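A.B. asks: My request is simple: use the sequences and hints to build the entire structure.
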Amino acid sequence: MTILEEPLGAGVFKIRLAGRFDIAGAERVDLKLTAMTASPRRAIVIDLSGVNFLASIGIRSLLTIAKAVQGRGGHLVLLDPNPLITRVLEIAGIDLLVPIVRDLPTAVAQVSAP
Amino acid sequence: MECLEIGNQLDELERTGHWVREVGGRLGLAPIALADLDLCTQEAVTNVIVHGFKDHRDHRITLRMARVDSQVAFQIEDDGIPFDPVVATIPAPPEGLARAPVGGRGIQLIRNYMPHCQYHRRGGKNLFTLLTQTQPLASRP
Chain A
1 MTILEEPLGA GVFKIRLAGR FDIAGAERVD LKLTAMTASP RRAIVIDLSG
51 VNFLASIGIR SLLTIAKAVQ GRGGHLVLLD PNPLITRVLE IAGIDLLVPI
101 VRDLPTAVAQ VSAP
Chain B
1 MECLEIGNQL DELERTGHWV REVGGRLGLA PIALADLDLC TQEAVTNVIV
51 HGFKDHRDHR ITLRMARVDS QVAFQIEDDG IPFDPVVATI PAPPEGLARA
101 PVGGRGIQLI RNYMPHCQYH RRGGKNLFTL LTQTQPLASR P
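Protein sequences appear in the order of chains A and B.
Its first residue numbered 1, the first sequence is counted upward by one per residue in the numbering used here.
Its first residue numbered 1, the second sequence is counted upward by one per residue in the numbering used here.
Hints were generated in silico from the structure; no laboratory data involved.
Keep in mind that this is a model prediction, so the values were computed, not measured.
Even glycine gets a Cβ: it sits at the ideal position worked out from N, Cα and C.
Accuracy of the hints is not assured; some may be wrong.
Covered by chain B, per the in silico footprint, the following chain A stretches (three or more residues, Cβ under 8 Å) [to be verified]:
#1 3-17
#2 59-68
Far from chain B, by Cβ distances over 10 Å, these chain A residues were calculated [to be verified]:
#3 Pro40
#4 Asp47
#5 Ser49
#6 Gly50
#7 Val77
#8 Gly93
#9 Asp103
#10 Gln110
C.D. replies: Structure below.
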């Protein structure tokens, strides 16, 4: 599991996760993911297009940071998970809690909203 | 039938995943079915390791896989505390992100992906069996 941060300007940050988001993967990225989504950042795009496996531990990590960002008045969206990962998110009900968007311009617009 | 014995440590999950994908492929699981089984076995084995033992001792967990007609059966046998994932309560959908619990979705995933899962308690052991079709229903003749 890898993690890569990309500032997009105007306070928006894209964080790309790739690989297997299982217990081992979560352990590998948790500290950096927490740091990259920490206050005062309020506009976060989590790019899931490179994630090929998502277990409930990965869902836990995503929800934890989404709740933290929302708690300080910010926005976080999930960008372009593949069909298998989308299905996991839908079955777990995460799509009802955190927006899933399919392209970067839409993601940036959503997290930049006041 | 193929078997793998693991310990009740989380670092056994990687070995479990490799074994499930290798054996599942050999038993004829289509890629999507294999991905579904990979996810559910990781969730089920994680539950056993994390929640199944309260004595802080080493325990052995036996995993079995077999092809049964057009299905592949995966079974976990452990001597942990009795627990039936088939009837365990699944939390109601939360009312918004702020109220949503961050955890507890493993069993929900298993029961959605593998609705024909079965549980038995026998001889002081939990036996939890997942059943999956080798091919997605739409693609079968």
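A.B. asks: Each of the hints needs a verdict: does it hold here or not?
C.D. replies: We went through each hint and held it up to the structure:
1. With 0 residues having a Cβ less than 8 Å from any Cβ of chain B, the region 3-17 of chain A misses the three-residue criterion, and the hint is violated.
2. Restraint check on the region 59-68 of chain A versus chain B: 6 residues with Cβ-Cβ distances below 8 Å, three needed, restraint holds.
3. Even its closest Cβ contact with chain B, about 19 Å, leaves Pro40 of chain A beyond 10 Å, as expected for a residue assigned away from the interface.
4. The claim that Asp47 of chain A lies off the interface holds: its Cβ sits roughly 19 Å from the closest Cβ of chain B, which is beyond the 10 Å cut-off.
5. At roughly 16 Å, the least C-beta separation between Ser49 of chain A and chain B is larger than 10 Å, which holds for a residue marked as non-interface.
6. At roughly 16 Å from the closest C-beta of chain B, the C-beta of Gly50 of chain A stays outside 10 Å, upholding its exclusion from the interface.
7. Remark: the non-interface label on Val77 of chain A is consistent with the geometry, its nearest Cβ contact in chain B lying 12 Å away (cut-off 10 Å).
8. For Gly93 of chain A, the requirement that its beta carbon stay farther than 10 Å from each beta carbon of chain B is not met, with the minimum near 5 Å.
9. Under the 10 Å C-beta cut-off, the non-interface status given to Asp103 of chain A relative to chain B holds; the minimum distance is some 22 Å.
10. In this structure Gln110 of chain A is separated from chain B by more than 10 Å, as the shortest Cβ-Cβ distance comes to about 14 Å.
In terms of the numbered hints stated before, the structure departs from hints 1, 8, listed from lowest to highest.
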